[in-house]
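Based on the sequences and whatever the hints tell you, model everything.
Protein chains: 4
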Amino acid sequence: MSPESGTPITRDRILDVAEALFASRGFAGTSMRDIAAEAGLTAASLYNHFEGKDDLYVAVLQRGIRPLIDLMQRLAESEGGDAATEAVIRAVMEHLARRPHLPRLIHHEAVTGGSHIARVARGWVRPLVEQGLAEMKRGAPAQWQPDEYPLVIASWIHLILGHFALAPLFRDVFDEDPLAPELLERQTRVLLKIAQSTGARSPVDE
Amino acid sequence: MSPESGTPITRDRILDVAEALFASRGFAGTSMRDIAAEAGLTAASLYNHFEGKDDLYVAVLQRGIRPLIDLMQRLAESEGGDAATEAVIRAVMEHLARRPHLPRLIHHEAVTGGSHIARVARGWVRPLVEQGLAEMKRGAPAQWQPDEYPLVIASWIHLILGHFALAPLFRDVFDEDPLAPELLERQTRVLLKIAQSTGARSPVDE
Amino acid sequence: MSPESGTPITRDRILDVAEALFASRGFAGTSMRDIAAEAGLTAASLYNHFEGKDDLYVAVLQRGIRPLIDLMQRLAESEGGDAATEAVIRAVMEHLARRPHLPRLIHHEAVTGGSHIARVARGWVRPLVEQGLAEMKRGAPAQWQPDEYPLVIASWIHLILGHFALAPLFRDVFDEDPLAPELLERQTRVLLKIAQSTGARSPVDE
Amino acid sequence: MSPESGTPITRDRILDVAEALFASRGFAGTSMRDIAAEAGLTAASLYNHFEGKDDLYVAVLQRGIRPLIDLMQRLAESEGGDAATEAVIRAVMEHLARRPHLPRLIHHEAVTGGSHIARVARGWVRPLVEQGLAEMKRGAPAQWQPDEYPLVIASWIHLILGHFALAPLFRDVFDEDPLAPELLERQTRVLLKIAQSTGARSPVDE
DNA sequence: GATGAATGAGGATTCATTCAT
DNA sequence: AATGAATGAATCCTCATTCAT
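Chains as they are written, first to last, in the numbering used here: chain A, 1 to 206; chain B, 207 to 412; chain C, 413 to 618; chain D, 619 to 824.
Read the hints as simulated data drawn from the structure, not as lab findings.
Do not rely on the hints blindly, as some may be mistaken.
[To be verified] Mimicking DSS-like on lysine-lysine, the simulated pairs with C-alpha atoms at most 25 Å apart in a straight line are:
id, chain 1, residue 1, chain 2, residue 2
1, B, K399, A, K137
2, A, K193, B, K343
3, B, K399, B, K343
4, D, K671, D, K755
5, D, K671, C, K549
6, C, K605, D, K755
7, A, K193, A, K137
8, A, K193, B, K399
9, A, K53, D, K671
10, C, K549, C, K465
11, C, K605, D, K811
So this is what it looks like as structure tokens:
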């Protein structure tokens, strides 16, 4: 009946719930029972859909990261230049705004150095970094030395992911929700300004 | 008799071990037994020094964050200006280089939105942000709107903490250790350049 | 609709698989899922053919033991004497050679003292023992006292079943498979010699 | 207080209980909870004494089999001959009478072909069989061919272990307990007679 | 006749914690 | 100050079974 076979409804519901819980409590802090309960199931039922906690976690990770990889690849295929930088920032911010759990998932993995991180690192971040490196080698702002390129790229990742991942903290500090549409828009503006300030092509270029 | 007494040496050893484990596995992922084992003790012995896991965790957090708060306060008392920005970046980077677990601890708390985060938020980040706000209000680069000030400050936090906290990820992506002295120095240079680029006082100011 | 119906082929396949698994892992150590998987089915499907695990187990037991009972009865109807002893040993050895799981099933039941053992005991072993007793009473080797008759019969059961049931052990000890045709033949010869040695009619008889 | 350090009492109590349960229900059929309950403990407490179910099982097996190995070695050091055969049978029967769970444990392992069987096979049965083989090679009854020696030895194992291990079955068949002292004595007599009948040195030997 | 999905019960094991020693 | 032993609660997961499809 549905274009997909199986019973995608339940499976997806589990993935949704698991994504939210893994994102906010981490892998170790999330119990199968909690996931099941939130999905309206018994813990045992989860095993009809996933082989185990680890399998479920990987499924959550992949479902979340895959579209981000795809997005980055699509963006990479567009031509570069200053306009492109703006487009990338806008696109990524909009994408993450719709999947606000993803950055926290990535942060958990990254900070923990979990066993899945190799997958994340090699599958997603490395290609992304390498795209960025290639782009910068073709023409980076004059202020950056080549050995600083990776750090510049990492810094952009910190800026973008950090805003989402550390939202719980800053929600307590500011009295506003960093994930509210208005603040996301404002943060995008801030990032664009940073891009302009730091990305000014060297006078030689012009 | 009081759980606060005990050989300071052992207590500190426990704190050291707990800090490392909490930082790399998070609160839920770290067991009292693991901490005890790594400290050459039995789990039961930990209770001679701390009232429980939670108490130990708070102790770790406070021991780690307190010096950072002090550092920020000392820096705040110095006068501002462009030179100050550079001094702050250098000082914080150097401080964190000596306590590399701290950023991961903070990230865990921040991402998790744990029950201790209020403490962290109110005790450390809020004053820091308010110092920054005050500073910016006294004279910020012209490109920033007042409602962007908090986001700019948060962005700096992302840039600095992110480099340390996400080191496990980027260690896998680059083939270098982000926490190696040489990369820390390089990252400091990058941050200084970003500060210069984005922080340029508007021509009108001068 | 009735759980007794169904394609006989599938039912027999399940019985075959279950027999092998129950024999090598015991009742408690064998899961319905394992049986189903080995039979190319899902656990749920087993319930189309058997009422439950217990029912399946009993079916396996009965299917295996029934022919053995029949064999013993047929042998009992033949007249006794030394020739008969040889015939019994040969017949039983040949029968078990074709159903090598059976002795292990019986051993499991016997050692466990499981709830099904009463069935086995009363349904199969007891008549067999009583046949033997009757036979011995009609004329046993002079060396056996009447109160030893049951033990002698039990000993024969140990000798014959043991060779099959403990094959996994002796396969490890010898470097040969006790169930290989050649060793079965050799074991038969050994048993026949034991029968001759111990069964010699007293000189008075002759 | 006790000649052994530690708290041997609880540990031994657990071993006793586990031995009985493993013997009568097998490894898979015995739960840690049951063992604990029978020992007056909680399941969690078992893990203060053993690393896990498997470890406990191995401990039970070793504690039971070790003395049997020692007995066999002592017997092997005595000189052989017909008198020795009688001594061995008597000694083993008496030993097993005092540890009636052991044969069932061995049978479970042997029939299951469990993962521990290699240990049992190599550690205990193989040396025993090899002792027997050496003995037979020095002078066996004329009726046995050399290639039958292993089977003869195995047959003795079946006769002796079988009486103990299959006791639950024959308790149901006879109306007597095969492990009752009187029946053990009777079984010993039967075995001795079998030994005499089958072991008669060939006239040529004399 | 087969199965995917659901589940209550129970499996082994871990965990934080307590307490007597 | 340290620990061995004990434990209730919770962990992940398996199991036998049911039922709608």
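Hints violated by the structure (numbers, ascending)
Numbers 4, 5, 10, in rising order.
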